[in-house]
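*Asks:* Since the structure of chain F is already known, use the hints to place chain Z on it.
Those protein sequence lines, which keep their order, are chains F and Z.
Just so we're aligned: the first sequence equals residues 1 to 265 in our numbering.
Just so we're aligned: the second sequence equals residues 1 to 332 in our numbering.
FYI, nobody ran anything at the bench for these hints, they're computed from the structure.
Remember, predicted model here, so these are calculated numbers, not experimental data.
No residue lacks a Cβ here, since even glycine has one placed at the ideal position from N, Cα and C.
Misleading hints may appear alongside valid ones.
Dumping the calculated BS3-like pairs for lysine-lysine here, alpha-carbon to alpha-carbon at most 27 Å [said to hold, decoys possible]:
{"no.": "1", "chain 1": "F", "residue 1": "Lys138", "chain 2": "Z", "residue 2": "Lys241"}
{"no.": "2", "chain 1": "Z", "residue 1": "Lys151", "chain 2": "F", "residue 2": "Lys22"}
{"no.": "3", "chain 1": "Z", "residue 1": "Lys230", "chain 2": "F", "residue 2": "Lys112"}
{"no.": "4", "chain 1": "F", "residue 1": "Lys120", "chain 2": "Z", "residue 2": "Lys241"}
{"no.": "5", "chain 1": "F", "residue 1": "Lys264", "chain 2": "F", "residue 2": "Lys22"}
{"no.": "6", "chain 1": "F", "residue 1": "Lys114", "chain 2": "Z", "residue 2": "Lys241"}
{"no.": "7", "chain 1": "Z", "residue 1": "Lys241", "chain 2": "F", "residue 2": "Lys112"}
{"no.": "8", "chain 1": "Z", "residue 1": "Lys108", "chain 2": "Z", "residue 2": "Lys193"}
{"no.": "9", "chain 1": "Z", "residue 1": "Lys108", "chain 2": "Z", "residue 2": "Lys83"}
{"no.": "10", "chain 1": "Z", "residue 1": "Lys230", "chain 2": "F", "residue 2": "Lys37"}
{"no.": "11", "chain 1": "F", "residue 1": "Lys74", "chain 2": "F", "residue 2": "Lys37"}
{"no.": "12", "chain 1": "F", "residue 1": "Lys107", "chain 2": "F", "residue 2": "Lys128"}
{"no.": "13", "chain 1": "Z", "residue 1": "Lys230", "chain 2": "F", "residue 2": "Lys114"}
{"no.": "14", "chain 1": "F", "residue 1": "Lys128", "chain 2": "F", "residue 2": "Lys37"}
{"no.": "15", "chain 1": "Z", "residue 1": "Lys230", "chain 2": "Z", "residue 2": "Lys241"}
{"no.": "16", "chain 1": "F", "residue 1": "Lys29", "chain 2": "Z", "residue 2": "Lys230"}
{"no.": "17", "chain 1": "F", "residue 1": "Lys6", "chain 2": "F", "residue 2": "Lys34"}
{"no.": "18", "chain 1": "F", "residue 1": "Lys37", "chain 2": "F", "residue 2": "Lys107"}
{"no.": "19", "chain 1": "Z", "residue 1": "Lys230", "chain 2": "F", "residue 2": "Lys138"}
{"no.": "20", "chain 1": "Z", "residue 1": "Lys230", "chain 2": "F", "residue 2": "Lys74"}
{"no.": "21", "chain 1": "F", "residue 1": "Lys34", "chain 2": "F", "residue 2": "Lys261"}
{"no.": "22", "chain 1": "F", "residue 1": "Lys5", "chain 2": "F", "residue 2": "Lys37"}
{"no.": "23", "chain 1": "F", "residue 1": "Lys120", "chain 2": "Z", "residue 2": "Lys230"}
{"no.": "24", "chain 1": "F", "residue 1": "Lys5", "chain 2": "F", "residue 2": "Lys231"}
{"no.": "25", "chain 1": "F", "residue 1": "Lys37", "chain 2": "F", "residue 2": "Lys114"}
{"no.": "26", "chain 1": "Z", "residue 1": "Lys230", "chain 2": "F", "residue 2": "Lys107"}
{"no.": "27", "chain 1": "F", "residue 1": "Lys74", "chain 2": "F", "residue 2": "Lys5"}
{"no.": "28", "chain 1": "F", "residue 1": "Lys74", "chain 2": "F", "residue 2": "Lys29"}
{"no.": "29", "chain 1": "F", "residue 1": "Lys107", "chain 2": "Z", "residue 2": "Lys241"}
{"no.": "30", "chain 1": "F", "residue 1": "Lys128", "chain 2": "Z", "residue 2": "Lys230"}
{"no.": "31", "chain 1": "F", "residue 1": "Lys34", "chain 2": "Z", "residue 2": "Lys230"}
{"no.": "32", "chain 1": "F", "residue 1": "Lys264", "chain 2": "F", "residue 2": "Lys29"}
{"no.": "33", "chain 1": "F", "residue 1": "Lys107", "chain 2": "F", "residue 2": "Lys120"}
Covered by chain Z, per the in silico footprint, the following chain F stretches (three or more residues, Cβ under 8 Å) [as the list claims (entries may be wrong)]:
{"no.": "34", "region": "74-84"}
{"no.": "35", "region": "103-112"}
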Amino acid sequence: MSLTKKLLLDISSIDMVFPTPKGDFTALKGVDLKINKGEFISLIGHSGCGKSTVLNVVAGLYQATSGGVILGGKEVNEPGPERAVVFQNHSLLPWLTAYQNVELAVKQVFAKTKSAAEMKEWIEYNLKLVHMDHAMHKRPDEISGGMKQRVGIARALAMQPEVLLMDEPFGALDALTRAHMQDSLMEIQDELNNTVIMITHDVDEAVLLSDRIVMMTNGPAATIGEILDVKLERPRSRLELAKDAQYNQYRSEVLTFLYEKQRKV
Amino acid sequence: MASLISRLITRKNESVIKAQLPPFVVNFFKAVTLPSIGILIFLLFWTVGANNIDTSLGKFPGPAQVMTQVGNLFNEHVESREKEAAFYERQENRNQARLAKDPTYKPKTRTYTGRETFVDQIITSLITVLSGFAVAAIIAIPLGIAIGLSKALNTAVNPIIQIFKPVSPLAWLPLVTMVVSAVYTSSDPMFAKSFIVSMITVTLCCIWPMVINTSVGVASLNSDWVNVSKVLRLNAFTHIKKIVLPASVPAIFTGMRLSLGIAWMVLIAAEMLAQNPGLGKFVWDEFQNGSSDSLSRIMTAVIVIGIIGFLLDRTMMQLQRILSWDKTTEVR
Numbered sequence: 001m002s003l004t005k006k007l008l009l010d011i012s013s014i015d016m017v018f019p020t021p022k023g024d025f026t027a028l029k030g031v032d033l034k035i036n037k038g039e040f041i042s043l044i045g046h047s048g049c050g051k052s053t054v055l056n057v058v059a060g061l062y063q064a065t066s067g068g069v070i071l072g073g074k075e076v077n078e079p080g081p082e083r084a085v086v087f088q089n090h091s092l093l094p095w096l097t098a099y100q101n102v103e104l105a106v107k108q109v110f111a112k113t114k115s116a117a118e119m120k121e122w123i124e125y126n127l128k129l130v131h132m133d134h135a136m137h138k139r140p141d142e143i144s145g146g147m148k149q150r151v152g153i154a155r156a157l158a159m160q161p162e163v164l165l166m167d168e169p170f171g172a173l174d175a176l177t178r179a180h181m182q183d184s185l186m187e188i189q190d191e192l193n194n195t196v197i198m199i200t201h202d203v204d205e206a207v208l209l210s211d212r213i214v215m216m217t218n219g220p221a222a223t224i225g226e227i228l229d230v231k232l233e234r235p236r237s238r239l240e241l242a243k244d245a246q247y248n249q250y251r252s253e254v255l256t257f258l259y260e261k262q263r264k265v
Numbered sequence: 001m002a003s004l005i006s007r008l009i010t011r012k013n014e015s016v017i018k019a020q021l022p023p024f025v026v027n028f029f030k031a032v033t034l035p036s037i038g039i040l041i042f043l044l045f046w047t048v049g050a051n052n053i054d055t056s057l058g059k060f061p062g063p064a065q066v067m068t069q070v071g072n073l074f075n076e077h078v079e080s081r082e083k084e085a086a087f088y089e090r091q092e093n094r095n096q097a098r099l100a101k102d103p104t105y106k107p108k109t110r111t112y113t114g115r116e117t118f119v120d121q122i123i124t125s126l127i128t129v130l131s132g133f134a135v136a137a138i139i140a141i142p143l144g145i146a147i148g149l150s151k152a153l154n155t156a157v158n159p160i161i162q163i164f165k166p167v168s169p170l171a172w173l174p175l176v177t178m179v180v181s182a183v184y185t186s187s188d189p190m191f192a193k194s195f196i197v198s199m200i201t202v203t204l205c206c207i208w209p210m211v212i213n214t215s216v217g218v219a220s221l222n223s224d225w226v227n228v229s230k231v232l233r234l235n236a237f238t239h240i241k242k243i244v245l246p247a248s249v250p251a252i253f254t255g256m257r258l259s260l261g262i263a264w265m266v267l268i269a270a271e272m273l274a275q276n277p278g279l280g281k282f283v284w285d286e287f288q289n290g291s292s293d294s295l296s297r298i299m300t301a302v303i304v305i306g307i308i309g310f311l312l313d314r315t316m317m318q319l320q321r322i323l324s325w326d327k328t329t330e331v332r
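Extracted from the complex, chain F is given alone in its bound form (with noise of 0.2 Å):
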C-alpha cells in the first residue's frame, strides 16, 4: 500500500432509482465512498444488493439518478479507458484472438502516443503479466475460463487505466482456478500498485485481498453498512493466513455482517 493517502476517487452520495412500470425502484441511497491511490477496495454483499450498480455508476456505463462520482477531479460521465472494467463474463470478442482482443484495447488508447513496436512490446508484455503469452494467438473458444479471464484482466490493464474495476471476475471459476487467479492479482498488485474496485461474493476472497472490505445493505434502498480495514502485511499467502488469528477475526466480522446483521430473508 502506498504510503501517501491521495484521493483519487470520490462516490458521493448517490442515489440510484431505476423506473419500472409498476413505479420506481431505489436500488442505491446514499452511497459515500473516497477511494486513495493504490487501494484496493473490495465490495460485498448479498446479490441484487446493487453491488454491480456502484460498479456500472463508477464504471459509467449508468448515470446516478443524484449525487456523483468524481476521479482525480474530474467529474464521471459516460464509460472511458480510464476506468477499465474486468466483467464477470470475460466478454472476449469471440472472433478475436487473446492477442487481438488485448491489442483493440491497446491501439485504442494508445494509438496517439505508442509506435506500432511499442504498442506490440505493449500487448505482449500485459499478456506475459498473466501468464498467457504462451497462447496469445488462441481464440477464446479454444482456451478454458481462467484463461479466457486472464485475457480479460490483461486487456483490462493494458488500458493502463486510473482504477480498475473488477466485476465478480473470479465468480464464474472453479474454486482451484479461483484460488490460483486470486494469486496472480496480488502478484500483479504488488507489481503496479493498481486502484482496484472488486465486486465479490467469496469472503476470503475479499479479506486475503483487500486494504479495504465495503459492505453493504440488502436493497431495495441499499447503501454502505460498514467498512472494515484489512491491515494484513503484504505479500499475503493463503497458507500462512489460514492459521492466522487476525486473518480469522476479520473473516468472522464480514461474515457476522453478512449473517447476522444482514441476513437474507
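*Replies:* For chain Z alone, coordinates are given in the frame of chain F:
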C-alpha cells in the same frame, strides 16, 4: 422392409469390418453405404411406380429414361456448339472472300441464333439466381444492420417488412415485367430485359429473410460486448466494423442460406411463368412440346434443379464454415 434390409446389411458389414479396420474406414463405409442403400431403394420404388403410371404422353419416365435423356441433352448441347462454331466459320470465310473481291466492303457479323440448349439454360438460371442474390445482399445487409441498431427505425420499418415478406415474388412478376419494359429502354441494353425481370424477382424474395436475420443478429448483440465498446469509447464506425458486423456474421449467413434456397425455387417458377430463359422455360417448353420424350426430359430437369439447389446450399454452408467465427452453430 427397407429398414430391415439396411439394418441387416450394416450389421453384417460392421461386425466384419470392425474386426480389422480402423474406425475412419468404418465411418467412411457408413457414410457411403447408407446413402447408397437409400438411393437404391428410391430408384427401385421410382422404377416400379413409373411403370404403373400411364399418361397421354406415354409411361411416366423412370430412372432409365432419365439417364438416356441426360446423354441426349448433353449431346444436343455439344452438337449445337459445333453448329455455332461452323456458323461463325462460314460467316468469316464469306466475309473474307467478299473483302478480297471488294476492299471497300464492310463485313457484317451476325450472331448465331440457335435454340438454347439444356446446358445454356442451366447457366442462365445460375447467373440469374446469383446476381439477384448478390443485389439483395448489397441492399439487405446494410439495411438489416441499420434496423438492428436503431429501435426507432425497426419500429418504423417492421410493419412494411412483415407485410411484404409473405408475398410470393410471383405476384410481383407482372408488375416487375411492366416496370422494366417501361423504364429499361436502352437501344443497346447491357442485359436482356428478361434477365433483369428474373433477377429483380429473385432479389425481391431474397431481401426479406436477409433483412430480418441480419437485424435480429444485430439487435441481439451480447450486451457485454456493447459495454466493452463503450468502455473503449469506440466511435460509431469502429463499433460497427469491429463489434457489430463480426458478431452478426452467423445470423447474416443464416439469412443468406435461407434466402438462396427460396430464391432458387422461386426463380424456376418465375421462368416458367414469364417465359424467361432458364431452366423454368426449358420445363415449360418441353411441356408445350408434348413429344414422347418430353416427360423424361422434364424429369431430368427436375433432378438437375434439385442437385443444383443442393450444391448451392452446400457452397453457402462451406462459406459459413470458413467465414464465421461461431463454429458451434449447427450446420446441416
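*Asks:* Hint by hint, say whether it matches the structure.
*Replies:* To see whether the hints hold, each was checked on the structure:
no. : hint                : verdict
1   : Lys138/F x Lys241/Z : 21 Å, holds
2   : Lys151/Z x Lys22/F  : 23 Å, holds
3   : Lys230/Z x Lys112/F : 19 Å, holds
4   : Lys120/F x Lys241/Z : 22 Å, holds
5   : Lys264/F x Lys22/F  : 24 Å, holds
6   : Lys114/F x Lys241/Z : 23 Å, holds
7   : Lys241/Z x Lys112/F : 20 Å, holds
8   : Lys108/Z x Lys193/Z : 25 Å, holds
9   : Lys108/Z x Lys83/Z  : 19 Å, holds
10  : Lys230/Z x Lys37/F  : 24 Å, holds
11  : Lys74/F x Lys37/F   : 15 Å, holds
12  : Lys107/F x Lys128/F : 18 Å, holds
13  : Lys230/Z x Lys114/F : 22 Å, holds
14  : Lys128/F x Lys37/F  : 25 Å, holds
15  : Lys230/Z x Lys241/Z : 14 Å, holds
16  : Lys29/F x Lys230/Z  : 26 Å, holds
17  : Lys6/F x Lys34/F    : 10 Å, holds
18  : Lys37/F x Lys107/F  : 26 Å, holds
19  : Lys230/Z x Lys138/F : 25 Å, holds
20  : Lys230/Z x Lys74/F  : 19 Å, holds
21  : Lys34/F x Lys261/F  : 24 Å, holds
22  : Lys5/F x Lys37/F    : 7 Å, holds
23  : Lys120/F x Lys230/Z : 23 Å, holds
24  : Lys5/F x Lys231/F   : 15 Å, holds
25  : Lys37/F x Lys114/F  : 25 Å, holds
26  : Lys230/Z x Lys107/F : 15 Å, holds
27  : Lys74/F x Lys5/F    : 19 Å, holds
28  : Lys74/F x Lys29/F   : 22 Å, holds
29  : Lys107/F x Lys241/Z : 15 Å, holds
30  : Lys128/F x Lys230/Z : 26 Å, holds
31  : Lys34/F x Lys230/Z  : 25 Å, holds
32  : Lys264/F x Lys29/F  : 19 Å, holds
33  : Lys107/F x Lys120/F : 10 Å, holds
34  : 74-84               : holds (count 6)
35  : 103-112             : holds (count 4)
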